[in-house]
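Single-letter residue listing:
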Amino acid sequence: RKEVEQDPGPFNVPEGATVAFNCTYSNSASQSFFWYRQDCRKEPKLLMSVYSSGNEDGRFTAQLNRASQYISLLIRDSKLSDSATYLCVVKRDSNYQLIWGAGTKLIIKP
Amino acid sequence: NAGVTQTPKFQVLKTGQSMTLQCAQDMNHNSMYWYRQDPGMGLRLIYYSASEGTTDKGEVPNGYNVSRLNKREFSLRLESAAPSQTSVYFCASSSRGGGPPSGVGANVLTFGAGSRLTVL
Chain A
1080 RKEVEQDPGP
1090 FNVPEGATVA
1100 FNCTYSNSAS
1110 QSFFWYRQDC
1120 RKEPKLLMSV
1130 YSSGNEDGRF
1140 TAQLNRASQY
1150 ISLLIRDSKL
1160 SDSATYLCVV
1170 KRDSNYQLIW
1180 GAGTKLIIKP
Chain B
98 NAGVTQTPKF
108 QVLKTGQSMT
118 LQCAQDMNHN
128 SMYWYRQDPG
138 MGLRLIYYSA
148 SEGTTDKGEV
158 PNGYNVSRLN
168 KREFSLRLES
178 AAPSQTSVYF
188 CASSSRGGGP
198 PSGVGANVLT
208 FGAGSRLTVL
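Protein sequences, first through last, are from chains A and B. Just so you know, we're using the working numbering here: the first sequence kicks off at 1080 and counts up by one. Just so you know, we're using the working numbering here: the second sequence kicks off at 98 and counts up by one.
Just so you know, these hints were derived from the structure itself, not from any lab. Among the hints, erroneous ones may be present.
Said to hold, decoys possible - Each pair of labels, with its calculated beta carbon distance range: (1) A:Arg1145 / B:Glu149: 32 to 40 Å; (2) A:Asp1118 / B:Ser164: 42 to 50 Å; (3) A:Ser1147 / B:Lys106: 18 to 26 Å; (4) B:Gly150 / A:Ser1147: 39 to 47 Å.
What you are looking at is a predicted structure, and each value in this text was computed from that prediction instead of being measured. Quick reminder that beta carbons are idealized off the backbone N, C-alpha and C, glycines included.
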């Protein structure tokens, strides 16, 4: 079992809709959580960090559920430009490494 | 502001050949990293350099060597390329103090555009 798991998708969503996807992690001691976005054939870029109380950045909302060991990303009023692969990233408690999920592909259709 | 620059963007090698991927950052970051990305898998850390003068193995270091030439530059070398090293390689940097990464800000990575390597 992978330490960080994501549904690979693709999620095909009409423009303007709301879409949400989760990421599960297996190490209960994980401390920090992030969502990165990666466009096709491009480098990953930080979308947002995920805080314990949940946080929002414009149309994007991130949530952390420690009891069930998952983080979620909600995108409201989706735009064509939101089409990308969303990477879930988890930092172990004392290890230097960031553990990356394989990503969820999102396709927004007009 | 260039950010993180890595070269080459594309390379085709034959099994057994050697090559070096170059990476430079102009953000005065202390830490630099080399990752590889393969289909259906998350990014995997090959090597990292927490600060100038130090390098450490990541998750998949076998078959690679690195050099932290100065604060700006961190190169990755394949001494004898194998087909299993066909991948997309990303260099990244982050702003943090000495020692292993810690804290939210330390884990915000800025990536280069990637290098696509094919080993035949």
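Taking the hints in turn, this is what the structure says about them:
Distance hint for Arg1145 of chain A and Glu149 of chain B: a CB-CB separation of about 37 Å, consistent with the stated range 32 to 40 Å. At about 30 Å, the beta-carbon gap between Asp1118 of chain A and Ser164 of chain B misses the expected band of 42 to 50 Å. A C-beta distance of roughly 41 Å is found between Ser1147 of chain A and Lys106 of chain B, which places it outside the suggested range of 18 to 26 Å. One distance hint, 39 to 47 Å for the beta-carbon pair Gly150 of chain B and Ser1147 of chain A, holds here, with the actual separation near 43 Å.
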